[in-house]
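Those protein sequences? They're chains A and B, same order as listed.
Position 163 of the first sequence, counting from 1, maps to 162 under numbering that gives the first Met the number 0, and the rest follow consecutively.
Position 62 of the second sequence, counting from 1, maps to 61 under numbering that gives the first Met the number 0, and the rest follow consecutively.
Bear in mind the hints are in silico, worked out from the structure with no lab data behind them.
Computed from a predicted structure; not experimentally measured.
Honestly, I wouldn't trust all of these hints.
Unchecked claim - One side only, chain B facing chain A, incomplete, derived with CB under 8 Å:
no.: 1; residue: 159
no.: 2; residue: 161
no.: 3; residue: 165
no.: 4; residue: 172
no.: 5; residue: 217
What the hints assert, rightly or not - The following residues of chain B were derived to be distant from chain A, with all beta-carbon distances above 10 Å:
no.: 6; residue: 134
no.: 7; residue: 168
no.: 8; residue: 186
no.: 9; residue: 241
no.: 10; residue: 257
no.: 11; residue: 263
By construction, the Cβ of each residue, glycine as well, lies at the ideal position given by its N, Cα and C atoms.
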Amino acid sequence: MLDLVSLSKRYPNGLLALEGLSLSVAPGEILAIVGGSGCGKSTLLRLISGLDAPTSGRASLDGTPLTAPRPEIGMVFQEPRLMPWLSIDDNVGFGIRHLPASEQKSRINEALARVGLASHAGHWPRELSGGQAQRVALARALVGRPQVLLLDEPFSALDALTRADLQDHLLELWHYDRPTMILVTHDIEEALVLADRIVVMQPNPGRIRVEVTPHLARPRDRLDHEFQEWKYKLLAELDHASRPPGGEELSPAAAI
Amino acid sequence: MSDLQENAPVASGGGGFASLGRGGLGLILPIGLALGWEVAVALHWADGRLLPTPSKVFATLWALGVDGTLPGHLWATLHRVALGFLFGVTAGTLLGAVSGYWTLARRLLDPTLQALRNIPSIAWVPMFILWFGIFETSKVILIAVGVFFPIYLALTSAILGVDRKLVEVGRIFRFSHREMITRILLPATLPSYIVSLRAGLGLGWMFVVAAEFMGAEEGLGFLLVDGQQTGRPATILASITAFAILGKTTDWLLALLSARALRWQDSFKPAE
Chain A
0 MLDLVSLSKR YPNGLLALEG LSLSVAPGEI LAIVGGSGCG KSTLLRLISG LDAPTSGRAS
60 LDGTPLTAPR PEIGMVFQEP RLMPWLSIDD NVGFGIRHLP ASEQKSRINE ALARVGLASH
120 AGHWPRELSG GQAQRVALAR ALVGRPQVLL LDEPFSALDA LTRADLQDHL LELWHYDRPT
180 MILVTHDIEE ALVLADRIVV MQPNPGRIRV EVTPHLARPR DRLDHEFQEW KYKLLAELDH
240 ASRPPGGEEL SPAAAI
Chain B
0 MSDLQENAPV ASGGGGFASL GRGGLGLILP IGLALGWEVA VALHWADGRL LPTPSKVFAT
60 LWALGVDGTL PGHLWATLHR VALGFLFGVT AGTLLGAVSG YWTLARRLLD PTLQALRNIP
120 SIAWVPMFIL WFGIFETSKV ILIAVGVFFP IYLALTSAIL GVDRKLVEVG RIFRFSHREM
180 ITRILLPATL PSYIVSLRAG LGLGWMFVVA AEFMGAEEGL GFLLVDGQQT GRPATILASI
240 TAFAILGKTT DWLLALLSAR ALRWQDSFKP AE
């Protein structure tokens, strides 16, 4: 169980990115966090991953406080962030460098096969397309079999077709080890396709606006009538979330 | 595609010429000038006393080689550059890495080193002679000082310029300081480091001449001074030619060694 207890984060420039956020995520649950820019959703992932420390509050995994990066927690960033000087297989091997060489090799091959890039093992990152590179980043994050996988807008830089393809692929990958997944996204459709539970956040300061659990059968059909209804509901929530209290209305497009 | 195949015989003839043109294009100017001067002197349009013809320069080089003095001079100069380069690279790499990676060290070291960097290294010559004597030590140190600064400067700024995003990947995988250096910082800074090595080597060749001007009994720089004092411009040009060949060869070797280390780069390749 991943527990976040009244997490706050104030950056040195005075910005209060996150205020008193509490949340529990069950093992194997897929949680999506949606919200406009500046609502603190990326900050939240950085706190859970241990890249940044909270100003107050605490995060813990099965009772162990999360204060620094841990092997049980994997992370996929918005960009693939592959090391350009390492071949694809060496990039994937980054996270399991402590294992014996033979085990490393078999795990890397397995991870690359799972993301469908077994034939690219010896290639350079520059030889891959954006979608392929992000698959390698997924393989790198999953090769160490983390309990929790954090994804920070992992597909937002890809074109719509590749994005849908990778969303389906991510669910396939989840089925192997069933890690807890926390997905930060600004794409409501992505959240609805993937998540068991969706948390809508609002800015100034970053906090939870509402939590929803869409009861949609899996695999989810993006064109399904119910799916579309949920999408409108969430859009409305996001629209409200981006409206400053009593102030002028922002356009919903800006929030998404 | 079919166009290319149909034209293949013509193209291969032209291709041979074209490939010669690519490599040989840079040779046209120097060879043309050399031949022109050779012809001008042969036809007595110029007397070639102060600027000897290429054939005379190569004849001098040959003679120096045959009587055994040239290998001695070459060895003495190469030896000094190699030692100075080695010390300069070692010091530049260590201090550059420390001050790039460790903020406290940078605040402590960098201002002093930047101030020292602005002193023309040749200005140290009298001091070095007083401290280390007129012989090898002062020469090697002068070269090392010249090599040190470009490497220190490039490495410090390259480390500070490493992409934070890649460093974060290292942090996610809980890299130790050593792993962070060897697995991320070192490869990420390698391109600028190699450029600085080549710049440092170039400065090493420059400073060896200055070092050998300050009283050497052997070396290509000595040959320069000797040629001037005995009024033999062909000797001076022979020494300069030897410098050019040595400098170009060592730089080429460095470039060759680095090409493999940098083959991962996704860099701009200008069109032909």
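Here is what the structure says about each hint:
A cut of 8 Å between beta carbons decides the hint on residue 159 (chain B): the least distance to chain A is about 19 Å, and the hint is violated. Hint status for residue 161 (chain B): violated, given a least beta-carbon distance of 11 Å to chain A, over 8 Å. Against a cut-off of 8 Å between C-beta atoms, the interface hint on residue 165 (chain B) holds, since the closest Cβ of chain A lies about 6 Å away. Using the Cβ-Cβ criterion of 8 Å, the hint placing residue 172 (chain B) at the interface with chain A is satisfied: the shortest such distance is roughly 5 Å.
Because the smallest distance between the Cβ of residue 217 (chain B) and any Cβ of chain A comes to about 43 Å, over 8 Å, the interface hint for this residue is violated. Distance check for residue 134 (chain B) against chain A: the nearest CB is about 43 Å away, which clears 10 Å, and the non-interface claim stands. Once the 10 Å rule is applied to beta carbons, residue 168 (chain B) is inconsistent with being away from chain A; the minimum gap is 5 Å. Distance check on residue 186 (chain B): its Cβ comes as close as 4 Å (rounded) to a Cβ of chain A, failing to clear the 10 Å threshold; non-interface status is violated.
Against chain A, the non-interface label of residue 241 (chain B) holds: every CB pair exceeds 10 Å, the least being about 37 Å. Against the 10 Å criterion, residue 257 (chain B) stays outside the reach of chain A, whose nearest CB is about 13 Å from its own CB. Against chain A, the non-interface label of residue 263 (chain B) is violated: not every CB pair exceeds 10 Å, the least being about 5 Å.
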